[in-house]
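The task is to assemble the complex, starting from two chains supplied on their own in separate frames and drawing on the hints.
One-letter residues, chain by chain:
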Amino acid sequence: MKLGRVIGTVVAGKKLDAFTGEKFLIIQPLDENLQPDGEPLVANDTQQSGPGQLVTYIGGREATIPMGEPFNPSDAAVTGIVDEVETP
Amino acid sequence: MKLAQVAGTVVASRKDPQMEGVPFLLLRDLTVENKPLKDYVVAADPMGADRGEVVLYSTGSSARQTQITKDRPNDAVILAVVDTWEVGGKVVYVKAEAER
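Chains as they are written, first to last, in our numbering: chain A, 1 to 88; chain B, 1001 to 1100.
Simulated from the structure, these hints should not be mistaken for lab results.
Among the hints, erroneous ones may be present.
Only pairs whose alpha carbons sit at most 27 Å apart, straight line, appear in this in silico DSSO-like list of lysine-lysine [to be verified]: (1) B:Lys1095 <-> A:Lys23; (2) B:Lys1090 <-> B:Lys1035; (3) A:Lys14 <-> B:Lys1090; (4) A:Lys15 <-> B:Lys1095; (5) B:Lys1035 <-> A:Lys2.
Small disclaimer: the values here were computed from a predicted structure and weren't measured.
Bound conformation, chain B alone (with noise of 0.2 Å):
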């Protein structure tokens, strides 16, 4: 799983039939340091993350092993809005003083 920050939303009107209601969001990726990394994804979104939420996110065959991405195309899909997070007994990341 990877870190990322809720950045925006995806609308595609025309797609695979089955991936008909199936919410995108737009992630950013993270550091464990809490810094904004290039990298980007398109995840489906089962926990209707707000923007500016961080996420944990899963990518690959594992993507479809949720109820609203099972056996269709997706390979990316937000699983967790993460709280808080501590790298080497360090507190880097706190969702409510983020949102503060």
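Bound conformation, chain A alone (with noise of 0.2 Å):
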């Protein structure tokens, strides 16, 4: 799991039956110290979350799994929300 912040969206009419309804985000992928790290990356929303956000991701095949649909190809999908993050 990352931490990642929401940066924007991607909207996509045609897409696979397994998306439908499904949200697409662009994440920012963060170091520990909250910096961006690294090329931004499309990620399915699975937590109702939105721009600005602080979350965690995931990638992978088992970014399939939170998903409505389960056979569906995600491999990158939000998993939470971050309240807060500490380090010493």
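Spelled out as structure tokens, the structure:
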């Protein structure tokens, strides 16, 4: 799981049926100090998150799990909205 | 998922028999600012995407999770044709304008 910030949204009318009703968000990956780290990616939203929010996201085949339709080819999904990160 | 533009088609007559009938497209990765990157990928296309269109594709074992790629040796698949996207509240890409 990684930390990221929602920086945008993608709209696609023509998509596989497995993505009907699913949202696509643009996520900026962050390092442990919440600074941008690496290229943004597109992830499915499973937590009604929105632009500006700090989130946790997962990559790979695991991203198919939290989706409504289990047989889907997602490779990135937002899994939580972060309230607080504390580092010593 | 990544954003990419359909740059061309790939035809391979001799290939793994399990990939028979699966169309391949050549995709050029884009930044979220809609700038082309050096990276490209050959992806299976269940959508019938056209050249020039911007698509979303996924990679790795997730790419086997479609009807045409299920249980097949494939690691990239197109899953959506993009109409528009925005970053930081600013619209970066609109399909209708790009095709004008």
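We went through each hint and held it up to the structure:
no., hint, verdict
1, B:Lys1095 <-> A:Lys23, "holds (18 Å)"
2, B:Lys1090 <-> B:Lys1035, "holds (15 Å)"
3, A:Lys14 <-> B:Lys1090, "holds (22 Å)"
4, A:Lys15 <-> B:Lys1095, "holds (15 Å)"
5, B:Lys1035 <-> A:Lys2, "holds (25 Å)"
The structure is consistent with each of the numbered hints, conforming to all of them.
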